[in-house]
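Enquirer: Next come the chains, spelled out residue by residue.
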Amino acid sequence: GAVVSQHPSWVICKSGTSVKIECRSLDFQATTMFWYRQFPKQSLMLMATSNEGSKATYEQGVEKDKFLINHASLTLSTLTVTSAHPEDSSFYICSARQRGLASTDTQYFGPGTRLTVL
Amino acid sequence: AQSVAQPEDQVNVAEGNPLTVKCTYSVSGNPYLFWYVQYPNRGLQFLLKYITGDNLVKGSYGFEAEFNKSQTSFHLKKPSALVSDSALYFCAVRDIYNQGGKLIFGQGTELSVKP
Chain A
56 GAVVSQHPSW VICKSGTSVK IECRSLDFQA TTMFWYRQFP KQSLMLMATS
106 NEGSKATYEQ GVEKDKFLIN HASLTLSTLT VTSAHPEDSS FYICSARQRG
156 LASTDTQYFG PGTRLTVL
Chain B
43 AQSVAQPEDQ VNVAEGNPLT VKCTYSVSGN PYLFWYVQYP NRGLQFLLKY
93 ITGDNLVKGS YGFEAEFNKS QTSFHLKKPS ALVSDSALYF CAVRDIYNQG
143 GKLIFGQGTE LSVKP
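Here the protein sequences line up with chains A and B, keeping their order. Counting the first sequence from 1 gives a position; this note's numbering is that position plus 55. Counting the second sequence from 1 gives a position; this note's numbering is that position plus 42.
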């Protein structure tokens, strides 16, 4: 199956700093990538949808200036948490969808990034 | 609006017994349904999907799911559970009315398989 990688797998940072998380589709081109946030033992909360070469679409309640998303190529999307605070500590998961029919194709997920803000 | 529900937070099964993880859906139009599994501190792994065709869908690791239109259900099943199947399972539906075609997830069901 298709492989999606994330880097780093975990990161600890001080409050006020910015953290960048990379999401790559390794063996396919992804016109659309998704960024999720997950709290322990809970479901995934979609933060934003990014399409290659255009601005990301953010879900209601997600601050676009705080969670910067860039999807510069068909294999790479980045999420930058700006001025991180302890409440931003979470498990962030990206997902990529192969080019093709949007309704029937499969989304493949990265392994996630554990962010801890001290 | 598209939605899925997983009525059980946790399912406990003895190894070797059949398992079922329940999912019901509510959609406008044709449903595109998915099952994913998540192991601790990992991303989601795709198990199977229903788009059209046979109501019984076979997926990875011996799992299968039965699409039932009259009951609006898409339960995940496995004939003989393994301890290694213990994980968090998510049912999802594709929001075809959203331009990005985002997935809408259920709340998840924790499966525990005891030896």
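Calculated directly from the structure, the hints in this document are not laboratory data. Any given hint could be a false lead.
With a straight-line cut-off of 30 Å between C-alpha atoms, the simulated DSS-like cross-links for lysine-lysine are [unchecked claim]:
id : chain 1 : residue 1 : chain 2 : residue 2
1  : B       : Lys91     : B       : Lys156
2  : B       : Lys91     : A       : Lys96
3  : B       : Lys100    : A       : Lys96
Enquirer: If a hint holds in the structure, say so; if it doesn't, say that too.
Expert: Quick rundown of the hints versus the structure:
{"no.": "1", "hint": "B/Lys91 with B/Lys156", "in the structure": "27 Å, holds"}
{"no.": "2", "hint": "B/Lys91 with A/Lys96", "in the structure": "23 Å, holds"}
{"no.": "3", "hint": "B/Lys100 with A/Lys96", "in the structure": "27 Å, holds"}
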